[in-house]
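Protein chains: 2
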Amino acid sequence: MKPTDAVRDFTRLQRDLWCREYLTSILDFDGETVAPENGAAARAEAMGVLSEEHHRLLTSQSAQDLVAELTKQQEAGALDDTTAAELRVFARDQREALAIPTDEVAAWSRLTSEANAVWHKAKLANDWASFEPYVDRIVETLKRHASYLDANRDPYDVWLDQYERGMDAASYDAFFNQVRSTVVPLVHEIGAIPTKRPAFLDACVPEAAQMGIARDLLALEGLDPAGCALACVEHPFSDGFAPGDVRVTTHIYEQDVLSNVFTILHEGGHASYEQNVDSAYDYTCLAHGTSMGIHESQSRFFENYVGRSRAFMEPLLSILCAHAPEAYEGVDAGTLYRAANIAAPGLIRMDADELTYPLHIMLRYDIERMLFSSEATARDIPGLWAKLSRDYLGLEVPDDARGCLQDTHWSGGSFGYFPSYALGSAYGAQFLAAMRGDGVDFEGACAAGDLAPIAAWLRDKIWRWGRGKDAQELIAGACGAPFDATYYCTYLDTKFRELYGL
Amino acid sequence: MKPTDAVRDFTRLQRDLWCREYLTSILDFDGETVAPENGAAARAEAMGVLSEEHHRLLTSQSAQDLVAELTKQQEAGALDDTTAAELRVFARDQREALAIPTDEVAAWSRLTSEANAVWHKAKLANDWASFEPYVDRIVETLKRHASYLDANRDPYDVWLDQYERGMDAASYDAFFNQVRSTVVPLVHEIGAIPTKRPAFLDACVPEAAQMGIARDLLALEGLDPAGCALACVEHPFSDGFAPGDVRVTTHIYEQDVLSNVFTILHEGGHASYEQNVDSAYDYTCLAHGTSMGIHESQSRFFENYVGRSRAFMEPLLSILCAHAPEAYEGVDAGTLYRAANIAAPGLIRMDADELTYPLHIMLRYDIERMLFSSEATARDIPGLWAKLSRDYLGLEVPDDARGCLQDTHWSGGSFGYFPSYALGSAYGAQFLAAMRGDGVDFEGACAAGDLAPIAAWLRDKIWRWGRGKDAQELIAGACGAPFDATYYCTYLDTKFRELYGL
Chain D
1 MKPTDAVRDF
11 TRLQRDLWCR
21 EYLTSILDFD
31 GETVAPENGA
41 AARAEAMGVL
51 SEEHHRLLTS
61 QSAQDLVAEL
71 TKQQEAGALD
81 DTTAAELRVF
91 ARDQREALAI
101 PTDEVAAWSR
111 LTSEANAVWH
121 KAKLANDWAS
131 FEPYVDRIVE
141 TLKRHASYLD
151 ANRDPYDVWL
161 DQYERGMDAA
171 SYDAFFNQVR
181 STVVPLVHEI
191 GAIPTKRPAF
201 LDACVPEAAQ
211 MGIARDLLAL
221 EGLDPAGCAL
231 ACVEHPFSDG
241 FAPGDVRVTT
251 HIYEQDVLSN
261 VFTILHEGGH
271 ASYEQNVDSA
281 YDYTCLAHGT
291 SMGIHESQSR
301 FFENYVGRSR
311 AFMEPLLSIL
321 CAHAPEAYEG
331 VDAGTLYRAA
341 NIAAPGLIRM
351 DADELTYPLH
361 IMLRYDIERM
371 LFSSEATARD
381 IPGLWAKLSR
391 DYLGLEVPDD
401 ARGCLQDTHW
411 SGGSFGYFPS
421 YALGSAYGAQ
431 FLAAMRGDGV
441 DFEGACAAGD
451 LAPIAAWLRD
461 KIWRWGRGKD
471 AQELIAGACG
481 APFDATYYCT
491 YLDTKFRELY
501 GL
Chain G
1 MKPTDAVRDF
11 TRLQRDLWCR
21 EYLTSILDFD
31 GETVAPENGA
41 AARAEAMGVL
51 SEEHHRLLTS
61 QSAQDLVAEL
71 TKQQEAGALD
81 DTTAAELRVF
91 ARDQREALAI
101 PTDEVAAWSR
111 LTSEANAVWH
121 KAKLANDWAS
131 FEPYVDRIVE
141 TLKRHASYLD
151 ANRDPYDVWL
161 DQYERGMDAA
171 SYDAFFNQVR
181 STVVPLVHEI
191 GAIPTKRPAF
201 LDACVPEAAQ
211 MGIARDLLAL
221 EGLDPAGCAL
231 ACVEHPFSDG
241 FAPGDVRVTT
251 HIYEQDVLSN
261 VFTILHEGGH
271 ASYEQNVDSA
281 YDYTCLAHGT
291 SMGIHESQSR
301 FFENYVGRSR
311 AFMEPLLSIL
321 CAHAPEAYEG
331 VDAGTLYRAA
341 NIAAPGLIRM
351 DADELTYPLH
361 IMLRYDIERM
371 LFSSEATARD
381 IPGLWAKLSR
391 DYLGLEVPDD
401 ARGCLQDTHW
411 SGGSFGYFPS
421 YALGSAYGAQ
431 FLAAMRGDGV
441 DFEGACAAGD
451 LAPIAAWLRD
461 KIWRWGRGKD
471 AQELIAGACG
481 APFDATYYCT
491 YLDTKFRELY
501 GL
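Protein chains in written order, with our numbering: chain D, 1 to 502; chain G, 1 to 502.
No lab work stands behind these hints, which were simulated from the structure alone. Being a predicted model, the structure only gives us computed values, none of them experimental. All C-beta atoms, glycine included, are put in the ideal place defined by N, C-alpha and C. One or more of the hints may lead you astray.
Said to hold, decoys possible - Pairwise CB distance ranges (calculated): (1) I193(G) - G212(D): 46 to 54 Å; (2) D93(G) - A280(D): 38 to 46 Å; (3) D256(G) - D224(D): 49 to 57 Å; (4) D168(D) - V105(G): 51 to 59 Å; (5) D380(D) - P3(G): 43 to 51 Å; (6) D224(D) - V105(G): 32 to 40 Å.
Unchecked claim - Here are a few chain D residues that sit away from chain G, every Cβ distance over 12 Å (derived from the structure): (7) T33; (8) E53; (9) T59; (10) E69; (11) S130; (12) E329; (13) L347; (14) R369; (15) D407; (16) D460; (17) C479; (18) D484.
Sequences are here, hints too, so could you generate the full structure?
Structure representation (structure tokens):
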């Protein structure tokens with residue numbers, strides 16, 4: 001099929017948009033890793049120019065005309081599959097960008113920047129009161145914006161769907177109810193069993209050795225150093241920047257090498273996803289992971305299903321012993337397995353183990369639901385946080401810094417985002433079952449430290465599709481069935497009962 | 001004075017152009033420091049988009065109309081001094097960008113990218129013949145482009161003026177003749193004196209210690225870490241990226257700590273210049289150093305006039321001893337001074353000492369002159385290189401990799417650029433004299449390791465002006481007289497005769 005002028009213009013426009021996204025990522029990475037602090041204002045200036053231009057390019061009259069023309073061609077069956085997929089995603093991005101009036105976009109950006117700065121100080125000073133009014137203003141604004149996007153839908157459902165297409169409060173309610181009924185009693189049972197933290201977990205492993213461990217783990221995950229950079233930052237993240245260019249970051253604590261190990265396995269999962277999108281999608285709107293939930297399913301897959309599995313302990317021990325012989329020689333695989341899977345409720349979501357993690361998400365989800373349904377306002381949050389921490393984690397919250405001020409998300413306006421964190425782990429359990437059903441020898445691959453068969457399945461079913469399929473379509477394609485939280489609950493129940501002899 | 005609409009549009013346009021330059025710097029820095037190699041194609045794509053947009057913004061009809069309107073306002077005395085200076089530089093940038101037809105700009109970019117790739121391989125393979133045809137094509141194209149810029153002027157003069165405003169072959173001839181008559185006999189006299197290289201110069205100083213030395217030296221140069229990032233690269237460079245954001249890079253050889261010391265002092269000089277441009281010029285076309293020659297005058301000032309002075313040896317020794325006590329304890333200031341100033345002709349320009357450096361530049365200048373006057377073609381270059389190396393440096397050239405293939409500049413089309421490297425050192429000597437004439441206690445400042453009085457003079461006379469003044473105007477303002485190479489020749493003659501007891 002010969003590309004029409006419109007298809008050529010569409011390709012050019014997507015490249016121009018891609019370029020802004022790539023530059024924004026590079027700027028952000030530079031800011032997190034090396035830029036001096038006094039350069040922040042100039043970086044913000046450039047970020048502003050890039051996002052303004054991105055919005056202008058996406059929503060211009062000519063871009064709208066292009067979508068209209070291509071839609072006609074699509075209806076006439078004149079578009080190839082790749083272009084049709086690009087058009088579907090591009091048109092949705094454009095429709096959503098056009099929905100919010102331009103002056104409200106600017107006002108929203110000012111509100112969240114201000115809120116974020118206030119939150120930073122509030123967390124340090126344990127001062128909820130200073131941040132509280134912003135939460136109400138943000139929720140208020142998000143309700144209005146949701147009505148622009150879809151006036152006939154519940155506002156919180158609109159935002160849940162933005163972060164994970166196809167999800168709404170009813171489906172999350174069902175998911176969290178099922179998780180709650182499995183995890184909460186299990187956590188209480190485990191809490192009654194005394195656990196000893198082995199000393200090797202706190203052994204000092206110097207930075208250079210930890211960087212060696214990180215590089216070995218990335219290679220084991222199949223990431224080619226020629227296409228994957230590694231850097232240290234305060235809050236680790238990872239991203240696909242461009243064809244042949246993914247970035248993984250970590251944070252090194254010399255007294256906690258396993259933190260680095262699981263951070264790398266997690267971030268490497270995100271990076272593998274980004275690096276393996278079909279190259280036919282390079283420089284287009286499809287060139288990234290499709291959703292937050294699917295992205296977390298990949299990172300948590302490598303962190304937990306692979307990384308904290310019994311079978312993986314042998315290759316992991318070899319890497320640890322190669323770089324930190326003093327700390328790890330003499331540790332056996334069974335001991336490492338139990339140490340890497342200690343389940344104990346804590347106050348901080350980011351430090352949570354595999355079992356208690358979803359409880360932190362449920363806590364935030366419950367509060368978000370109440371704010372959007374007007375059952376609660378920001379003033380009620382500290383009280384709700386205390387109550388839910390008791391119910392879910394069995395813990396008293398000593399202060400707001402370790403409670404409702406611990407996360408940055410609300411200050412940036414990300415309501416509806418947290419729940420997708422928990423979904424990711426649950427998707428992963430279903431992928432694991434499907435992979436086994438397709439004949440992949442998962443334990444064998446983990447034990448051999450050769451993850452290629454696992455990666456091949458994920459590449460075929462998930463990675464290569466980029467944004468070409470939404471989450472639920474990907475799951476149906478990969479698993480031959482819709483999402484079902486039973487896989488996750490069964491996995492957690494079996495693993496932790498076996499681990500704790502319950 | 002109330003800014004007119006045109007002035008506001010002009011400010012906005014300059015910000016948009018600034019943004020492209022800043023992003024290009026960030027991309028380039030990312031590529032040199034951390035980006036994985038497979039990301040090169042995507043980076044090139046983004047670089048292409050940025051430079052295309054920069055050219056389009058600078059030369060658009062609306063930008064031309066803006067210049068015409070502001071020129072009218074300027075003639076009516078309606079512009080403030082800053083805007084008038086911006087207009088002068090902007091209009092010149094625009095005129096020059098418009099001079100070369102767009103299709104020739106693209107062809108030139110393709111030619112030089114190809115030539116650069118060929119040069120890289122040719123240098124590794126010591127294969128001049130593969131690169132030779134590109135040199136002729138590049139010189140041919142540059143002659144044609146020069147005629148677009150100024151049809152009535154000798155093409156080489158046009159390019160010399162592009163790199164250093166106000167300079168032409170006649171003024172460079174005079175300069176190089178004077179330098180030659182001072183330096184060549186001095187080099188021959190010194191060559192006859194046996195010199196012993198002290199062992200401490202080759203002592204191993206580990207990377208971490210060298211980074212500590214680098215940070216101390218930058219602080220001593222007055223660079224605030226909050227506004228200046230430090231990174232390691234293959235070929236060190238430095239640049240001002242944005243208000244509050246300058247970058248210094250170095251390369252660490254564990255067996256050659258002084259290479260790092262003088263690289264840092266040099267790059268720190270460039271960075272100080274960029275960091276101290278008047279903040280009224282932030283985000284405008286005046287927000288950088290004014291020329292290559294002036295920039296080198298600042299970097300070489302800190303590297304040589306300060307860094308290799310007798311007076312500076314005490315503070316330098318303290319820093320070296322603090323980080324590398326095994327290597328430097330027991331070394332005295334006189335010994336370090338002589339070791340840091342060993343003058344010995346070598347084949348490689350980048351490794352040259354303070355005295356023989358200008359001879360390398362003269363060699364390239366002589367060849368460029370002959371290529372542009374058609375006295376020679378690329379085929380003659382290896383022969384000319386051998387002859388001039390004998391005449392200036394007294395050395396035989398063993399191969400082209402260490403001869404005419406050593407530098408990247410010609411492959412990128414930079415003819416007329418080399419001469420400005422030598423000028424920089426010469427400007428520096430004249431600034432030193434002017435500074436002393438203005439009462440700055442140069443030796444006292446160096447000896448105390450408190451360079452603030454030196455920086456204050458440079459800030460006032462050079463740095464703050466940014467691109468607001470061209471080189472010759474800056475020199476006249478700083479020194480009360482036009483450029484005169486006598487200061488430089490006298491400085492070299494006095495210093496090296498004293499050092500070598502001649």
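Okay, the hints, checked on the actual structure:
{"no.": "1", "hint": "I193(G) - G212(D): 46 to 54 Å", "verdict": "holds (49 Å)"}
{"no.": "2", "hint": "D93(G) - A280(D): 38 to 46 Å", "verdict": "holds (40 Å)"}
{"no.": "3", "hint": "D256(G) - D224(D): 49 to 57 Å", "verdict": "violated (33 Å)"}
{"no.": "4", "hint": "D168(D) - V105(G): 51 to 59 Å", "verdict": "holds (53 Å)"}
{"no.": "5", "hint": "D380(D) - P3(G): 43 to 51 Å", "verdict": "holds (49 Å)"}
{"no.": "6", "hint": "D224(D) - V105(G): 32 to 40 Å", "verdict": "holds (36 Å)"}
{"no.": "7", "hint": "T33", "verdict": "violated (7 Å)"}
{"no.": "8", "hint": "E53", "verdict": "violated (9 Å)"}
{"no.": "9", "hint": "T59", "verdict": "holds (19 Å)"}
{"no.": "10", "hint": "E69", "verdict": "holds (24 Å)"}
{"no.": "11", "hint": "S130", "verdict": "holds (26 Å)"}
{"no.": "12", "hint": "E329", "verdict": "holds (26 Å)"}
{"no.": "13", "hint": "L347", "verdict": "holds (33 Å)"}
{"no.": "14", "hint": "R369", "verdict": "holds (41 Å)"}
{"no.": "15", "hint": "D407", "verdict": "holds (28 Å)"}
{"no.": "16", "hint": "D460", "verdict": "holds (22 Å)"}
{"no.": "17", "hint": "C479", "verdict": "holds (32 Å)"}
{"no.": "18", "hint": "D484", "verdict": "holds (38 Å)"}
Hint check: violations occur at hints 3, 7 and 8; the rest are consistent with the structure.
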